[in-house]
Amino acid sequence: MTAEQIIFLIVGAVTLLSAVLVVTVRDLVHAALWLVATLFGVAIVYTLLNAGFLAVVQVVVYIGAIAILFIFAVMLTRRQTAADTGAALNKNWWAGALMSVLTFAGLAYLLQSWSGFSKQASAIPSGFDAINELGGALTSPAGYVLPFEVASVLLLAALVGAVYLAFNKK
Amino acid sequence: MNFWNDPLKVAADWLTGIFVGWGMNDIFAHVLVVFLGIFVLIMILMVIDIFLVWIERKVVARFQDRIGPNRLGPYGLIQPFADIIKLMIKEDTTPDGADKVVYNLAPMLSMMSVLILWAVVPLAPVMLGVDLNAGVLFIIAAGSIGTLSIIMAGWSSNNKFSVIGAFRQVAVMISFEVPMLAVMLIPTIFSGSMGMNTIIQSQNIWYVFLSPLAALIFIIAAIAELGRAPFDLAEGESELVSGYNIEYSGMKFGMFYAGELLHAFTFGGFWGILFFGGYRFFGLEQVSPFLAIAIILFKALLGYWIIMWVKYTVMRIRIDQMLAFNWKFLTPVAFVLVMVTALMNAILRDAGSWLYVSGMMLSNVVVAWVSLEVVRAAGKKQRVQVEGVKQAAEAHH
Chain G
1 MTAEQIIFLI VGAVTLLSAV LVVTVRDLVH AALWLVATLF GVAIVYTLLN AGFLAVVQVV
61 VYIGAIAILF IFAVMLTRRQ TAADTGAALN KNWWAGALMS VLTFAGLAYL LQSWSGFSKQ
121 ASAIPSGFDA INELGGALTS PAGYVLPFEV ASVLLLAALV GAVYLAFNKK
Chain Y
1001 MNFWNDPLKV AADWLTGIFV GWGMNDIFAH VLVVFLGIFV LIMILMVIDI FLVWIERKVV
1061 ARFQDRIGPN RLGPYGLIQP FADIIKLMIK EDTTPDGADK VVYNLAPMLS MMSVLILWAV
1121 VPLAPVMLGV DLNAGVLFII AAGSIGTLSI IMAGWSSNNK FSVIGAFRQV AVMISFEVPM
1181 LAVMLIPTIF SGSMGMNTII QSQNIWYVFL SPLAALIFII AAIAELGRAP FDLAEGESEL
1241 VSGYNIEYSG MKFGMFYAGE LLHAFTFGGF WGILFFGGYR FFGLEQVSPF LAIAIILFKA
1301 LLGYWIIMWV KYTVMRIRID QMLAFNWKFL TPVAFVLVMV TALMNAILRD AGSWLYVSGM
1361 MLSNVVVAWV SLEVVRAAGK KQRVQVEGVK QAAEAHH
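One line per chain: the protein sequences are G and Y, in this order. My numbering numbers the first residue of the first sequence as 1 and each following residue consecutively. My numbering numbers the first residue of the second sequence as 1001 and each following residue consecutively.
Honestly, the hints are just simulated from the structure, not real lab data. Mixed in with the good hints, there may be bad ones.
[To be verified] With a straight-line Cα cutoff of 25 angstroms, these simulated DMTMM-like cross-link-like pairs (lysine to aspartate or glutamate) come out:
id	chain 1	residue 1	chain 2	residue 2
1	G	Lys119	G	Glu4
2	Y	Lys1009	Y	Asp1131
3	Y	Lys1160	G	Asp27
4	Y	Lys1390	Y	Asp1320
5	Y	Lys1100	G	Asp27
6	Y	Lys1009	G	Glu4
7	Y	Lys1086	Y	Asp1096
8	Y	Lys1311	Y	Asp1049
9	Y	Lys1090	Y	Glu1237
[Claimed, not checked] To be clear about the criterion: a stretch of chain G counts as covered by chain Y if any three or more of its residues have a C-beta under 8 angstroms from a C-beta of chain Y, and this derived list gives those stretches:
id	stretch
10	48–56
11	59–66
12	127–134
[As the list claims (entries may be wrong)] Here are some, though not all, of the chain G residues that point toward chain Y, as calculated from beta-carbon distances under 8 angstroms:
id	residue
13	Ala3
14	Val29
15	Leu33
16	Val36
17	Ile71
18	Phe72
19	Met75
All residues carry an ideal CB built from backbone N, CA and C; glycine is no exception.
Start from the sequences, fold in the hints, and give me the full structure.
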């Protein structure tokens, strides 16, 4: 086993454990903090895959913006009330567990039937700049400029919608 | 290759040789040397941090026409060590009903979010942690860990004041991240890279001359990010006592405090790196890496001094003023500036360097002038409105 594999196994185990804790801990703020740990684990997996840019973006967007806003919203509502003492899981927990097992099995089957599944990743050529390649692919007509622009328009629409909802009509 | 040209590599090779000589695995020796390097860097930073306490106290004393610490040692230099001993032997209190794990984790994360920034700081052409090609984003990512630590500290203390302080601080931090990230794209446009070392290497002309407005917006956003005056409304000792760190005592408080000082110093350094050529100073950095380190530390201290200068000169502003200033002025200006800079860069890319610099500078001046005129017009309109209301009220009486 190489050092990279050992690191991956540790990070994967920690990420999965924190992901389970997100849905099982009582305290909502603790759940949000475990979510931060999960997202951080995913960022480390990106780093192991040589996708440093994606890892940093993961931290900026998911931890810096989304998780912080989650915690903000939870903190604004309450700290601890009697409502927190009920059962942690509702009656549908087995359906959720079944769905996640099925999803995992489906993904595993799909990946396993892919030819690149058992191959060793080829080494990255020296002087290869992942950000330049990504930027080029996102803005060149031969690449992904159309999906990129569609996503931008979608986000703009969401932004306009949010402003409209929050706008104080006088 | 000798020690004076590339001290880091020579020292690392020497140590790896020793470890391998002891019969250690090659990879393990390499990892151990890297760990030792990180350890030494953190040690040096913490020692600098100790003296930053002294610098801060001395400078604020001068701004307030006092002498500052002057009892222990020459110029009071031993004072910070006495402070550290005091912080260490203080009672370590934990408030009732505090969330213990989160409460103890927060100061560590706060310190970590600052130390992690130094991973991308190039100290000399050959001395740097990693030349991350997403270095600019990395600064923002580390900042978001700092935000997390503050919200954790505020929430886990089980104290109303600390929660309010954390709310304010986080509101400031997530707002000012936006213009900061926008203006950090401007050195990226000039150099064509997000890596700190490439940005420094391509600064044959300091970027502050190409984009003075971006440098100004960066330092304003950095001061807000640090939660220093005029944006220290999270601390607000007259209303909130001390903000998010109110319940912390002893060394845990010390970690927040030292973290803040080191953060200010670090952002002074980033200001120097992004806009003032980093370790470059008329070719002096080529003479010796040690000279380059001295230059970058000097620039960082200068930036730190300017941050202190602002802190001890201006007054605290209210949170609504702060948010309005950011969202209605700083963010639009930063976005317009990025767009104008990108456009000018596309137009002037093949022009001579003098034309390029003057064109960039001129576009900056125009953007600054137009935005100030817009603000002035809006202010005048508001004033007329308010005065109209006043006159109407007077006529009513």
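Hint by hint, here is what the structure shows:
For the given pair, G/Lys119 sits about 16 angstroms from G/Glu4 by alpha-carbon distance, which is consistent with the 25 angstroms threshold. Restraint check for Y/Lys1009 and Y/Asp1131: satisfied, since their Cα atoms lie roughly 15 angstroms apart, inside the 25 angstroms limit. For the hint linking Y/Lys1160 to G/Asp27, the alpha-carbon distance of about 18 angstroms falls within 25 angstroms, and the restraint holds. Proposed proximity of Y/Lys1390 and Y/Asp1320 is supported: the alpha carbons are some 23 angstroms apart, at most 25 angstroms.
Our distance criterion of 25 angstroms between C-alpha atoms is met by Y/Lys1100 and G/Asp27, whose separation comes to about 14 angstroms. A distance of roughly 24 angstroms separates the Cα atoms of Y/Lys1009 and G/Glu4; the hinted pair therefore holds under the 25 angstroms criterion. Taking the CA atoms of Y/Lys1086 and Y/Asp1096, the gap is about 24 angstroms. The hint holds against a cut of 25 angstroms. As the CA atoms of Y/Lys1311 and Y/Asp1049 are separated by approximately 18 angstroms, the hinted pair is consistent with the 25 angstroms bound.
About 22 angstroms separates the Cα atoms of Y/Lys1090 and Y/Glu1237, which keeps this hinted pair within 25 angstroms; it holds. Judged by the Cβ-Cβ criterion of 8 angstroms, the stretch 48–56 of chain G is covered by chain Y as claimed, because 3 of its residues qualify and three suffice. Here's how the stretch 59–66 of chain G fares: 5 of its residues keep a CB closer than 8 angstroms to some CB of chain Y, so the rule of at least three is met and the hint holds. Here's how the stretch 127–134 of chain G fares: 3 of its residues keep a CB closer than 8 angstroms to some CB of chain Y, so the rule of at least three is met and the hint holds.
With its C-beta approaching chain Y no nearer than about 7 angstroms, G/Ala3 sits inside the 8 angstroms limit, and its interface hint holds. At its closest, the beta carbon of G/Val29 sits 6 angstroms from a beta carbon of chain Y; the interface hint therefore holds under the 8 angstroms criterion. With its C-beta approaching chain Y no nearer than about 7 angstroms, G/Leu33 sits inside the 8 angstroms limit, and its interface hint holds. Because the closest C-beta pair between G/Val36 and chain Y is about 6 angstroms apart, less than 8 angstroms, the hint holds.
A cut of 8 angstroms between beta carbons decides the hint on G/Ile71: the least distance to chain Y is about 5 angstroms, and the hint holds. At about 7 angstroms, the closest approach between the beta carbon of G/Phe72 and any beta carbon in chain Y falls short of 8 angstroms, and the interface hint on this residue holds. For G/Met75, the suggested interface contact is upheld, since its CB lies about 6 angstroms from the closest CB of chain Y, less than 8 angstroms.
Hint compliance for this structure: every hint is met.
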